[in-house]
Amino acid sequence: MNTGSRGTPMKVVFFNQIIGHIVRVCRALRSDRGNVLMVGVGGSGKDTTIKLATYVSGYRLFTINTRSVYTVTNLLEDIKLIYRRAGMEGRGTVFQFNDTNIKDEIFLDHINNILMGGMVETYFNREELEEAGNSIITIYRRENPRQSCEGRQLIDFFLSRARRHMHIALLFSPIGERFRARALAFPGLVAGCTIDWFHAWPRDALMACAERVLQEPSPLAPVLTNPAICAACVNVVADVHLYVDRMCTTYARITRRTNHTTPRTFFHFLNACKIIYGRKFAELTEIAHRMDTGVRRLQEARESIAFLKTELAAAEEDLKEANYLAEQVLQRVLQETETAAGAKSRVEVLKQRCEEIVQSMEKDREEAQDKLVAAEPALKEAEEALNTIKVGDIATVRKLQKPPNLIMRIMDCVNILFYRPMVPIQADPEKPESFAPSWGESIRFLSNQNFLTMLINYPKHILTEEMMDLLEPYTSAPDYNPRSARKTCGNVAGLLQWTLAIMKYFFVSKVVVPLQDSLKKSEQLLQRAQGQLTEVESELDEKTVVLNKVQAEHEVAMKRKQKLKDEADLCIRRMDTANQLIEGLSGEATRWRETSRYHKQEIVLLTGNAITLAFFLTYMGGFNQTARSSALKYCTRLLHKYGVPQSERLDCVKALAPPTTVSRIE
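Here the sequence shown is numbered in UniProt numbering, starting from 1 and rising by one per residue.
For lysine-lysine, the following DSSO-like pairs were computed, each having C-alpha atoms within a straight-line distance of at most 30 Å: (1) 487 with 380; (2) 654 with 641; (3) 51 with 80; (4) 504 with 390; (5) 274 with 633.
Quick caveat, the hints were computed from the structure, so don't treat them as lab data.
Given only the sequences and the hints, what does the whole structure look like? Please build it.
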């Protein structure tokens with residue numbers, strides 16, 4: 001049944017009484033136009049019985065939903081729908097109608113008419129009846145092959161078929177005056193139905209249901225895996241329910257107040273047992289767990305102190321070693337820093353020295369350049385003077401038998417500049433104030449075809465101070481000047497200008513040469529200084545690399561030292577925290593153990609306590625204090641009788657209500 005159903009699966013416990021009801025209802029439904037009136041209090045099994053009986057009979061169950069707005073019109077439409085299904089499909093259809101579906105007493109009037117006469121033709125109009133008759137014409141011909149298929153015959157066949165396959169199941173409660181009044185007002189409810197009366201469940205039925213419900217998954221289920229405990233609990237809940245049934249009768253006779261207990265109340269009682277057990281179990285378990293956790297933490301704190309002491313001693317040894325290593329590395333860092341600083345200082349000194357040499361060289365170079373620039377006009381003048389001399393002029397002078405004395409003196413100066421042989425120094429017979437000329441050597445020199453070229457390409461580096469001393473007597477003569485030479489010698493006067501220019505160049509270069517020598521020495525010094533600077537810089541780089549490496553080692557050593565120090569400090573803090581925890585909670589450990597032991601014992605007693613509390617909460621609301629006390633004593637005796645653990649003195653109010661509510665009530 002559950003397999004073919006799309007709704008919530010049914011949970012059914014079969015016992016003899018419910019099986020008898022199912023058999024009786026099935027027999028009533030299977031009879032021709034059979035209807036059934038099921039009378040019983042809520043939760044007695046009427047709904048389950050009609051569903052099972054319908055399923056066993058192979059019929060289809062039809063129910064109505066009156067939770068929303070449901071009027072007579074809606075009821076009539078549902079009745080027409082049921083008749084269509086029953087008449088057209090030819091399948092048994094059971095119309096379940098509960099007393100809770102009665103929104104208006106007119107509903108019962110229509111139900112009564114159907115039960116008394118079964119006449120439903122008035123619910124359909126002509127077109128609906130014809131449509132229904134035409135829909136089953138094939139079935140009619142198969143069942144009545146020799147009869148005609150006229151319209152009225154089809155309609156009668158449809159109505160007969162619908163009445164035959166439609167069954168009504170009325171589910172009413174006998175409590176109150178309404179059932180009696182309705183039975184008198186609508187006699188068809190009794191006369192047109194087979195009545196099945198649902199009486200109170202017997203003890204075996206209660207026990208079967210209790211065993212099934214209590215063993216469903218819940219915090220209580222593991223406790224009931226013990227067969228003895230399970231049997232004891234089942235006996236207790238069944239007996240207390242029957243006791244309350246009897247007590248309701250006695251209480252009504254004494255106080256004139258009526259209380260009712262139904263099987264539904266019994267199921268509420270069972271579910272309350274599971275819920276209360278689950279909540280109390282979680283509450284007690286949580287408290288016991290907290291107490292155990294506190295005790296365990298204290299024990300762990302005591303054990304951790306010894307471990308932390310060992311760990312702290314090891315950390316202090318490691319820290320001592322790390323301090324020593326860090327100090328060693330620091331000394332190396334200081335040493336390498338000092339070495340690198342010395343190399344850096346030497347580099348700075350050499351750099352400064354090189355800069356000074358470069359500055360001195362620049363100064364000498366500028367001064368020499370200035371002097372050379374000053375000598376350039378003399379050289380240019382000598383070149384211009386030579387350019388005035390032609391080859392013919394040289395030939396003319398060479399042919400002179402007795403050249404002017406000035407020309408011979410000019411040639412003597414040229415011979416001196418070229419290191420040519422000279423006659424011994426003696427006075428000139430023709431001009432006593434002058435030296436005797438070496439004209440013969442001059443003629444030979446003038447005869448050289450490359451004479452002018454040699455003058456133009458004169459090697460100025462052969463000039464010496466001795467040459468200047470030898471030339472001085474010649475050049476200091478009053479007539480040894482360009483003007484006198486042009487007047488006496490013509491174009492050959494250029495030789496005089498050339499000798500004067502060469503002498504001027506010598507005296508200028510005399511100042512430049514020391515500067516150039518100094519410049520060369522400075523360049524050599526600079527080269528040596530730069531070489532030393534390169535060596536010292538290379539040494540500085542090596543020292544810097546070593547210093548960086550040592551500094552990195554020092555940084556690693558300091559980090560390790562700091563890490564070990566932090567670990568030691570953390571260990572000390574943990575020890576302090578553990579000591580404070582132990583000192584502050586030393587008196588609480590015993591109380592926590594006792595509290596945990598008490599709550600664990602309460603968990604053992606929780607089975608009986610949950611039954612008592614659920615019994616009090618479910619059944620005792622409608623009774624006075626005397627009846628409640630008597631019922632609770634009876635429940636306690638039953639728990640003791642069947643061996644279900646329970647607390648000796650259980651206050652139901654304090655156990656169920658919060659302390660604030662209890663204090664407000666008191």
